[in-house]
Structures are given as C-alpha cells and as structure tokens.
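J.: Starting from the structure of chain A, add chain B where the hints point.
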Amino acid sequence: MGAPKKNAARVSEDPEELARVPLQAILLADSFTTKFRPITLERPKVLLPLVNVPMINYTLAWLESAGVEEVFIFCCSHSKQVIDYLEKSEWLSQPNLTVSMIESHNSVSAGDALRLIYERNVIHGDFVLISGDTVSNMSLTQALQEHKERRKKDNNAVMTMVIKRSKPNPTIHQSRLGTDELFLAIDPSTNQLLYYEEKADRSKGTVHLDKSLLVDNPSITLHHDKQDCYIDICSPEVLSLFTDNFDYQHLRRHFVKGLLVDDIMGYKIFVHEIHSSYAARVDNFRSYDTVSKDIIHRWTYPLVPDVKFFGNSAIKLERQGMYRASEISQSRSAVIGPFTVIGFGTKIGDNTKVLNSVIGERCTIGSNVHIEGSYIWDNVTIEDGCKLRHAIVCDGVTMKPGAVAEPGVILSFKVAIGQDFIVPPYSQVSLLQQPVEEDSDEELEYADSATAITSTVDNSHVEIASKVSETQSVSELGMGGVGYVWENCEGHEEEWKHSVAPIPENKIFEAIKLMEEEDDLEKTDGDHILPRPEDLKDDLDDDEDDDNADSLYFEKEVEATFLRAVHENIQEDHVILEINSLRLSYNKEAADCAGAIFYSIVKYALDIPHSSADSLCKNVQGVFAKWKKVLTSYLTGMDEQIEVILKFEEMCLESAKEFAPLFTTILSYMYDQDIIQEDAFLSWEDEKREADESDKNFVKQAEKFIQWLKEASEEDEEDEE
Amino acid sequence: MPDVQSLVNDFLNQLKKRKIEGSQATAKQTGELLRSFISQQRVPHTNQAGALIDAVRTLGEQLIAANPVELAVGNIVRRVLHIIREEDLSLATAAIAGMGLSAASDDEDDVERADNPGLSAVAVAAAARSTLRPPSLQTLLEDVPDSTAIPRTSSSGGDSEGKSKSIDKGSRGRKLKHDVIEAVNELIQDIATCHELIAEQAVEHIHQNEVILTLGSSRTVLEFLCAAKEKKRSFRVFVAEGAPRYQGHLLAKELVARGLQTTVITDSAVFAMISRVNMVIVGAHAVMANGGVIAPVGLNMVALAAQRHAVPFVVLAGSHKLCPLYPHNPEVLLNELRSPSELLDFGEFSDCMDYGSGTGSSLLHVINPTFDYVPPKLVSLFITDTGGHNPSYMYRLIADYYSADDLVVKGKPVTGS
Chain A
1 MGAPKKNAAR VSEDPEELAR VPLQAILLAD SFTTKFRPIT LERPKVLLPL
51 VNVPMINYTL AWLESAGVEE VFIFCCSHSK QVIDYLEKSE WLSQPNLTVS
101 MIESHNSVSA GDALRLIYER NVIHGDFVLI SGDTVSNMSL TQALQEHKER
151 RKKDNNAVMT MVIKRSKPNP TIHQSRLGTD ELFLAIDPST NQLLYYEEKA
201 DRSKGTVHLD KSLLVDNPSI TLHHDKQDCY IDICSPEVLS LFTDNFDYQH
251 LRRHFVKGLL VDDIMGYKIF VHEIHSSYAA RVDNFRSYDT VSKDIIHRWT
301 YPLVPDVKFF GNSAIKLERQ GMYRASEISQ SRSAVIGPFT VIGFGTKIGD
351 NTKVLNSVIG ERCTIGSNVH IEGSYIWDNV TIEDGCKLRH AIVCDGVTMK
401 PGAVAEPGVI LSFKVAIGQD FIVPPYSQVS LLQQPVEEDS DEELEYADSA
451 TAITSTVDNS HVEIASKVSE TQSVSELGMG GVGYVWENCE GHEEEWKHSV
501 APIPENKIFE AIKLMEEEDD LEKTDGDHIL PRPEDLKDDL DDDEDDDNAD
551 SLYFEKEVEA TFLRAVHENI QEDHVILEIN SLRLSYNKEA ADCAGAIFYS
601 IVKYALDIPH SSADSLCKNV QGVFAKWKKV LTSYLTGMDE QIEVILKFEE
651 MCLESAKEFA PLFTTILSYM YDQDIIQEDA FLSWEDEKRE ADESDKNFVK
701 QAEKFIQWLK EASEEDEEDE E
Chain B
1 MPDVQSLVND FLNQLKKRKI EGSQATAKQT GELLRSFISQ QRVPHTNQAG
51 ALIDAVRTLG EQLIAANPVE LAVGNIVRRV LHIIREEDLS LATAAIAGMG
101 LSAASDDEDD VERADNPGLS AVAVAAAARS TLRPPSLQTL LEDVPDSTAI
151 PRTSSSGGDS EGKSKSIDKG SRGRKLKHDV IEAVNELIQD IATCHELIAE
201 QAVEHIHQNE VILTLGSSRT VLEFLCAAKE KKRSFRVFVA EGAPRYQGHL
251 LAKELVARGL QTTVITDSAV FAMISRVNMV IVGAHAVMAN GGVIAPVGLN
301 MVALAAQRHA VPFVVLAGSH KLCPLYPHNP EVLLNELRSP SELLDFGEFS
351 DCMDYGSGTG SSLLHVINPT FDYVPPKLVS LFITDTGGHN PSYMYRLIAD
401 YYSADDLVVK GKPVTGS
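First to last, the protein sequences are chains A and B.
Letter 4 of the first sequence, counting from 1, is numbered 4 in the working numbering, and no numbers are missing.
Letter 373 of the second sequence, counting from 1, is numbered 373 in the working numbering, and no numbers are missing.
Isolated chain A (complex conformation):
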C-alpha cells in the first residue's frame, strides 16, 4: 500500500503540474435515510461506533491515507454533535489533510447538500464523493488516474464509480450488505456504465434493458455480483448538474439513473472495479453487522482494531481473533469466543459466554450472561442471567436480571429493560416516542423530525426519561423498564432482511419455496425459462406497431412544421432546430428525419397547383431550390440518402402516384444539386437487386440513369489514372 501512495505524492509534486488543484473530497455526514432509527434520533449515524470506533473515523482515515488533501464535511442532521466531535478530535490538526465543515439545517437530501456546496464554490477540481459511513482501504491512485485520462479524451466522462465483486444471496435476492440486488450493465472495453438498477422486478425474474443499449454498444456485460461501494470520483460538473436538475435528490436513484437515461447532454459514468482492497458502506443494520465482521476478520487492514489508525485505545489481538483492550476484568470462568472485541475497562462476570460479539468500553456484564453476535456499545450494564442474541445495545442501556433480547432487537440509548422481560424479535426500543408518520417522503421525514426531536431531547432528556418511567412503560418493558417499543415502520414483512440477526431458516425456506413455485410456473408456461418465441415475436410486433404509430406522428409533425415554415417564411436554421427537437422527443435517427423532410418537401411541391408533369417537375425544383439546406443538413451519410430514395419510391407507389413517371427526372435533379451522391444510387440499386420483380419497377425506370452514373464514375476513374 505504501509504494503507490508515495508515487502519487511524487507525481503531484511534479513541476509540470504546478497549477494543480489539491485533491478534494466531499464527505456527507448524513445518510438522508431513516434506516438507523431509532438510534439516529439521538445521535448521527456517522458517530455510531463500528467496532468501537465512530464510523466517520474510518472514512476520514481512509481519505487521509488515500492522499486526499482537503475534505469538506457536510453536516446536516445533528450537525452540532458532529462538529463538536470533530473539533475535539485530532482531525482538524492533521498535517496533510485540511478538514472543514459545512453546516446546513434545511438540506433534506444528498442533492440539496451538493447544491449547497456548489453555491459555496469551494470545489475546484476532481473530487471524491463519499458518505461518512464508508469503510475502505483502497488506493485511489489508479482510479483517479483512469478518471483523469478519460476526462482528457472525453469531457463528458463526469464520474467514476467504485464497484467490488461480491456475490448476492441467491435465495432472498439481497447482497451481503443487506441492500437490494444490483444489476449493472457495463461496456467491457471502456468500463462505461450503461445501466444501473437496484430494484429489479423480482417477481418475474427479468431485467429490462433498453434495446438501444444493445444497438449502440458492440458488447455489454451484465453483472449482478457487483457491489456498489458508494465511492465516487466526480468532476466539478457533477455539482452543477445537481444545480441544473433541481429535482435530483438521491445520488443513485436520481442522479446516476438520470445521467444514464439522458442522452442529450451525453454525460457518461464509468466504473472502476477493485479486487484486492476493501470498500463497503454501512447502509442498514445488516451491513453494520457485515462490515463489523469484515473489520474483525481484517479484510479492511490496516483499518483494524489493533492498529491505531486513529486515536483508538490500544487493543491487542490474541489467538483466534480475540481483540482485547487493556484493563479488562474478566472472570476465570467466563468464556470469550473467537472473533470478539472487548473494549477498555469492561468487566465480565462468572460463567458468562461472549461469542462473536463486540463489547464497548466500561461495560459491566454480570454472571451467567449469554451474548452472541451482538453489538454492545459503551457504558452498558447487563445484569446476571441476561441473554442477548444478535442485538444492538446502545450507550447507557441497563438490562435487569434475566432480561432477554431476541434476535434483531435494537435497544437505543439509555433504555432499561425490566426484570425477566423478553424483548420480542426485531423490536426497536427507544426512550423517545415514535414520531408520527407525517410525510411519505422518507428523506424529508428524517431531517425534519430528527432536528425537531433532538432539540427537545437536548433540553429535556431527563424529563422525558422520568416521565416515561412513571407512566405507561412499566407495563411495556417489564418491572423497572424505561422506554417505548416502536412499531416497525418498514412493515413487518421485511424487517428480518435488514436487521443484524441472521435470516431465520423459515424465511430462507419460504424464499426457496417461492422460487421453486416460480420455476414451476415458468415450466408449465413454456418448458423453459426463456420466454417462448411467440412471446418474443409478440413483443417485437408490439414494438413495431408502436414504432409505426410513432413514425406516422413524427412525419406529420415534421410536415406541419415544414408547412408552417413555408407559410411564415421561417429561416432554414430555425426549421432545422425545430426538427431536431422533434427528433429527440420521438427518439428518431437522422435517416428518419431526412425521410420525413423529403416527404414534406415533395408533398408541398405536389400541393402547389400544377397542370402537367413538367410543371410539377418545375414546382419540385423550385421548392428544393429554396429548402435544400434543411434536407441536406440531415443527409450526412449514405444511409440517410438511401432512405430518401426509398422514401421517394414508396411515395411514388402510394401517396403521390403523380410522381411515378418523373421518378428518374427528379432523381437526376437531386444528383445534379448534390443532394444525393452517386454512391447512394448505386447501393440503392444493389439493395433492390435482391428484391421481388414487382419492387423493381423504379429500378428499371432508373436503369439508364444508373447506367450513366456508372459510366461516369468509370470515366472519372480512368481520368484519374
């Protein structure tokens, strides 16, 4: 890890790059979600301990070691707590890293945050966008270099996303980190991201890709074993994009998808896959558990508990992954299992078992306690005979003798659980009452209610606590219990998915059964998983119908535009502009436009009163003379020109039979006017050679003309020789 870092420093000191900007980073110290409730009502997510170290320290330590020189920490909910914490920490006095805070109280989403930062005008070059709950040990050098090189070639390459391979759980369709399955389509040669979908339609087991993806890209790889690390290297344009599109809120759901869909501006997103290094974001309780365990298993080295990467107390790694801080008093009969972390000054009583858990500082754990797979933060008191399995226990919680926390339980700050009380699985207990759901928009809800509630908490925390204990909660949490049990807001169906507890077997069983049923359904449907050929065809037909209808509308619109232009004498450039916008809105290609314009021109010529074929011909010539530019601006390639000939042929057959005798005359006129090149005629003839006899009418008619063309070109060649 050392060598590339040094190189980076050396490269950046190169005299050539004297005008370089320091590498900057934006750290969002707010997740803008409610996934860590009820804990986040009282403390911001970035300050929650992850293996006994507040999360933001992992992120900052990584940024510092990755060579970032300036970090802007965007504090939103509980901004005071975050700022207080940082001011007390050593981060503000780092030699190689400038940390500055941006505080905001009315930002409700990542989009708002970035818009605010754009207004501040502090970002001057490429920057790293990361949220304060990301753990990584990757080296930025390569990703950054790739990003810069792409930028040199293509100014539209605005973002590089970091991804990592990680297999999702096949039965319940979620990643190790408890997030939804992620489907990515990537161009393997350029690493351009083409498609990003978190919530694929699971019931059908299908992913819908836009057909144009397959048309525009020679090769596409579709991944579903990748994990989004939420580390983005962005160009300054990203900020202005957020400002331009004021409705962008979510980084992925709005911004990334927005850019991928939008082909007008042509902004591109690329991916960088990391292999040997680690990166993950703590998004929900499941990922809290997973990332904690990855840290304990040392995948994040050197960000592991026994390395003092940031002001954490000295912890020693003993056999079998037991991490123990100093001044632990532990009974001889207590059993501490492997991969356990025990913090400074914790006391553990007789016959207590601690397995696979993280225990914070200055906790008191009584005798005959059984703790498995749990996360116990600081200053927790667990009295004799308690049982905890896969629970999160926040600071200052008291569990009276014999209390039991079933899997998935969250005990928020300073809650007390009564004697012999059993906290039911997946329940969340907090001193604060559950806020009434006032808004359906989760982002809004979080920031608003959080700030509102904390202000009351700060003032009257004790009051609430005492009131609570006096009144109803005695019954709710047993004798001497303090706190409210929350209704689960996510809906009871899904709570097991995102909790710290492993997925219960019956749920997995159900999921498997569900899958089998789906398989069965499909089997009865068509004996194979792929859709039947008829289905496919139907699909295509539908598409074609749509296309046809679209084309008709499009042609009509173009014609109307053109006629209006003729009557109101609008400038050609403006007509082209209007047709361009039509083209975008109907998603047509240049050839379609050329066809449609040609159609309108000829149609217009036809509508001008005429007596004979000759006068019609004159009319056409007159109109062309005036509007040639509109047509030629679309005739950039061979395909478009052929399209025009085909269109003409079609018209002569159907809508404007009057032109049939004039076919060759007009073609030769267009050749003379340089509207259509001779190659187009020749390949049109080639194409027609294979066609039915009935289709060859016009080719025959034009035979002489083409013959002449051929001779002419041969002569040309001879001349050249």
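No lab work stands behind these hints: they were computed from the structure.
Any given hint might turn out to be false.
Pairwise CB distance ranges (calculated) [what the hints assert, rightly or not]: (1) A/H124 to B/G388: 55 to 65 Å; (2) A/K316 to B/S392: 25 to 35 Å; (3) A/G337 to B/H328: 24 to 34 Å; (4) A/K153 to B/L363: 38 to 48 Å; (5) B/N290 to A/L222: 33 to 43 Å; (6) A/N96 to B/T193: 44 to 54 Å; (7) A/G125 to B/M273: 23 to 33 Å; (8) B/H45 to A/G125: 47 to 57 Å; (9) B/L363 to A/L209: 34 to 44 Å; (10) B/T359 to A/N351: 18 to 28 Å; (11) A/E327 to B/H328: 15 to 25 Å.
Some but not every residue of chain A turned toward chain B, in silico, with C-beta under 10 Å [unchecked claim]: (12) E64; (13) K167; (14) R176; (15) K257; (16) K293; (17) W299; (18) D306; (19) V307; (20) A314; (21) N368; (22) E372; (23) K387; (24) H390; (25) E505.
Where a beta carbon is used, it is the ideal one built from N, C-alpha and C, also for glycine.
T.: Here is chain B on its own, set in the frame of chain A:
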C-alpha cells in the same frame, strides 16, 4: 520546533498506517527523525544528558506504540539513548582526565583518540564504559525511574564532575549535543552501508558450484548473492516464491537481471529440494536477544527442512535488526496478521462469508500472519555488518549496542496495556 513536531506526526502517521515497509527504511527514517529531534531540542544547563534521554524516551515511546511490530524503531531509539549515555560518559571522563584527577582511564583515552579521531567519541565511550560501569546486575538493579544517567554517573565519577560542569556549562552542553548528533550520523551511515558490509563477506561463505536456497525477497540477500557473483563465483540459486506476497518472484527477476542462474520453486517444494542445496541464506525481520529470528512467514519450515538435511541455515541481518528484547517478553508483538485479501479473492469467497444466513458467524476464517519465529537452535550462523556470529553470541553483541537501562523504553510501566 514546530517543523520537528510535524515531522514527528508525519512519521507516526506513516508508521500507524503501515506505510513504511522494511526494517532498513524504518531504521534509517527513525534515525534521521531522532537526529533532527535532538538537534532542535533545547538542553537545560544542568543534567543535560538526563533531559535529552527523557525527551528521546518519550518520543521513542510514541514511535514504538505506533507500530509495535516494527522492532527496528525500538532498536534505533534504544541505540540513540545508548549513544547519549556513552557520549555523556565520555565527556565526563574527558573532563576528569582534563582535570587530571583520574589517571586510570586517561592514557587509554588519549591512545584511542590518536588512533582514530573520527570514531573517538564512541570508542572512548566504550572504553570508559567498560572501565567505569561494566554491565552487571548492579546496573540493572539500581535503575530508578526518573533519575537517569547523570545522578548515577556522578555517583561513580564523584564530585569532580560537578566541578567540571560549573566550569564550562555552556560549552559542554553544546559539545554533548554536537557529539550525540555526530554519533547518530554515524549510526545512520552504518544503517545505510550495512548491505555492503554484509555483502563483502559473501565470498567467504559462497563457494564455487554451490546451490543456495532462499525464500521471499530481501535486499540484503540480493546484495549478498550479487557480491559473490561479482567476485566470479559461479553458483545457482533456488528461490522459494514466498506466498502469499510472492516476493520471491521479484527476487528471481533481479537475480536473473544480474546474470545468476535462478530456479523458482513453490514454498511447499522446499523440503523436496533441500537435499540438493548446500546452504540456505535468508534475510530477517529482527534478531532477538536469544538468537531467535523473526522472519517472513514460511522460514521456520525452511529452517526445519535444512536441519533435517544438515544444510547450514545462514541469516543475514544488519545491526539495526538486533533487538535487545527476548521473544517471550509480553511487551514484544511478534506478529502481525495482514489482510486476508492477499490469500483469497474477496468476490469469489463472498458467498462463504454471508453473515446473514446460518448462525450469523462465518464458517470461513482466513489467517495471514506476516512473520515466523525461527528458534536459535535452527540457525547455524548470523552474518551482520560486523562479521559472522553464532546465535549464542547474540547477547554479547547486544550488550555492545544497547544499555541495559534502555531495554524498557516506556516511561511508566502502566500506561496503556
């Protein structure tokens, strides 16, 4: 002062984040840092050496805590402490000699000085030390936490020293600092040149048509082998690749670039190949006081194989790798577990580590230790910059380089652990 502090912070940071690798680089940087630290340190008029020792000791404590696995940091801190003591002592003796009060060590001093003026201070100090304060149980026992060298030396040097100090306080202060910096410079020089000094001895150990086996990569080994090659010895080298970091591959590349016949083998093939080998030559991470070696993982196995076939097992180690501690000392952290990603691809095995299913604990554990401990009885010979030594002689070398008072660098015994 502030710039030294930032230097210190920077170095601490790099140590903490494991950004400096290799004991030579670490030793050199530690030496350089201590040199600038000492040169910036303001020395009081009385008890200069004591103040200096205290300051270096506090800094050293931080440095050692930053990366306890890199023993070279502690070694250099201890050697610098030793240098301060020696310089102070030699100044004291010089003062005594100058005042004509002591006759015993006087002649010796002058002779030494005449012989090699460049080395004078250390040499005099060594001489003075052997006459004044022989390493004994006495010196170990009389250790009092806060009162350091000066009170003790004054007890042996008598009141004469007090007089000398009162005479030329200022100049002596400057002289002490100056001498110490000189000596630290020499130390840094020694560290920088240790490869060459070791490599010079190559021809004595590698003979014509021999087969040498080594594991992993070590610069010392590379220089050693190349030195033998330059002296027109023709021999072959077997390189065990040194999983999981495979630095043996790099070594093989370098050796081939220098024109040596090289064979790469897997670590697991060492036992099969050892019967064809005439000598095993390896580098070390640290050499402990009992002659045991902390070496890259896999070397214990090689040493056992070598012993089984009675092949000499030679360890090359610069003197900065000599650690005055014993491996059973609980203060010493002998190993470091690195990231499992060096062994396994995270993506490929991510389904084995799904904590969301089953009991919530992973059935897959990966352990990736960096070092092995090779016990002294498996080592045939140490080659250091001062020559070849038997493992049982290590304690003697260590006594030359370190003072017994400095073995525990920690200021107060109970601070963290």
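J.: Against chain B, is A/W299 within 10 Å by beta-carbon distance?
T.: This hint holds: A/W299 lies near chain B, its Cβ roughly 6 Å from the closest one there, short of 10 Å.
J.: Are A/K387 and chain B close enough, Cβ to Cβ, to be under 10 Å, as the hint says?
T.: At about 15 Å, which exceeds the 10 Å cut-off, the nearest Cβ of chain B leaves the hint on A/K387 violated.
J.: Take the shortest C-beta to C-beta distance between A/N368 and chain B; is it under 10 Å?
T.: violated (21 Å)
J.: Quick check: does the Cβ-Cβ distance between A/K153 and B/L363 fall within 38 to 48 Å?
T.: holds (47 Å)
J.: Just to be sure I understand the hint, the distance between the Cβ atoms of B/L363 and A/L209 should be within 34 to 44 Å; is that true here?
T.: Roughly 37 Å apart at Cβ, these two residues keep to the hinted range, so it holds.
J.: Just tell me: holds or violated, for the beta carbon distance of A/G125 and B/M273 against 23 to 33 Å?
T.: For B/M273 against A/G125, whose Cβ atoms are near 54 Å apart, the range 23 to 33 Å is violated.
J.: Holds or violated: is there a CB of chain B closer than 10 Å to the CB of A/D306?
T.: holds (8 Å)
J.: B/H45 and A/G125, beta-carbon distance inside 47 to 57 Å?
T.: holds (53 Å)
J.: Under 10 Å, Cβ to Cβ, is where A/E64 needs to be relative to chain B, so tell me if that hint holds or is violated.
T.: holds (8 Å)
J.: Closer than 10 Å between Cβ atoms is the bar; does A/R176 clear it against chain B? Give me holds or violated.
T.: holds (5 Å)
J.: Does A/K257 hold up as a contact with chain B if the rule is Cβ-Cβ below 10 Å?
T.: violated (25 Å)
J.: Restraint: A/E372 near chain B, CB-CB cut 10 Å. Satisfied or not?
T.: holds (8 Å)
Violated hints, listed in ascending order, are 5, 6, 7, 15, 21, 23; each of the other numbered hints is respected by the structure.
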